[in-house]
Amino acid sequence: MIEETIISCIIIYMVLRLFITQNRLERMPYLNVINFGVAAIITLKNPSPLGAITSMVYFILATVGANAIAFTISKVKEIEG
Amino acid sequence: MNIEFIYAAAILMIVGALGGVLQTRPIDKFLMLAVLGDGLISIVATFGYLDVAMASSFMTFVGIIIMMIGLVRVLEIRKMRGEIG
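Protein chains in written order, with numbering that gives the first Met the number 0: chain A, 0 to 80; chain B, 0 to 84.
No lab work stands behind these hints, which were simulated from the structure alone. Hints may contain errors.
[As the list claims (entries may be wrong)] Computed list of lysine-lysine pairs in DSBU-like fashion (alpha-carbon distance at most 30 Å, straight line):
(1) B/Lys78 to B/Lys28
(2) B/Lys78 to A/Lys74
(3) A/Lys76 to B/Lys78
(4) B/Lys78 to A/Lys44
(5) A/Lys74 to B/Lys28
[As the list claims (entries may be wrong)] Derived list of chain B stretches under chain A, where covered just means 3 residues or more per stretch with a C-beta under 8 Å from a C-beta of chain A:
(6) 1-12
(7) 54-67
(8) 70-83
[Unchecked claim] Sample of chain A residues at the chain B side, in silico, Cβ under 7 Å:
(9) Glu3
(10) Ile10
(11) Met13
(12) Arg16
(13) Val32
(14) Ile33
(15) Ala39
(16) Ile41
(17) Thr53
(18) Met55
(19) Val56
(20) Ile59
(21) Thr62
(22) Gly64
(23) Thr71
Beta carbons: idealized from backbone N, C-alpha and C, even for Gly.
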């Protein structure tokens, strides 16, 4: 159970930093850390083939979504500035 | 001392909802919406409903993409009318 505690502490610390930070580009690595931790916890809590498939699907979709958010940040900066 | 992951997922959802209310720029709201979706998926997967977690992962992804496309379109139309920039 020590791994669950470690990942929970990392996720809580990262979500607090993501809430406090004001710069928009500095927020994206924190979101990626949260995604990695959630994908790890899904497999740790459900040690079965369906758990592995769920973790893979979540990991791929979250990575593509974070890329979409970063692309939109650069697009909005290009439009506004 | 042992911290359960359910508390971390609840903190994810609470911080996501508070950030969606309190932050002012649209992209910050979308990022906090992504955090809220992460909390939802993790708290569903912790209780063992893996198919629901898979489906809600796909739905939050598609919703974020569609709202991003809408935001970029709105800003382009505003710039074309000369309201910003």
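Hint by hint, here is what the structure shows:
no., hint, in the structure
1, B/Lys78 to B/Lys28, "holds (21 Å)"
2, B/Lys78 to A/Lys74, "holds (13 Å)"
3, A/Lys76 to B/Lys78, "holds (12 Å)"
4, B/Lys78 to A/Lys44, "violated (48 Å)"
5, A/Lys74 to B/Lys28, "holds (16 Å)"
6, 1-12, "holds (count 8)"
7, 54-67, "holds (count 7)"
8, 70-83, "holds (count 6)"
9, Glu3, "holds (5 Å)"
10, Ile10, "holds (5 Å)"
11, Met13, "violated (10 Å)"
12, Arg16, "violated (11 Å)"
13, Val32, "violated (11 Å)"
14, Ile33, "holds (6 Å)"
15, Ala39, "violated (10 Å)"
16, Ile41, "holds (5 Å)"
17, Thr53, "holds (5 Å)"
18, Met55, "violated (10 Å)"
19, Val56, "holds (5 Å)"
20, Ile59, "violated (9 Å)"
21, Thr62, "violated (10 Å)"
22, Gly64, "holds (5 Å)"
23, Thr71, "holds (5 Å)"
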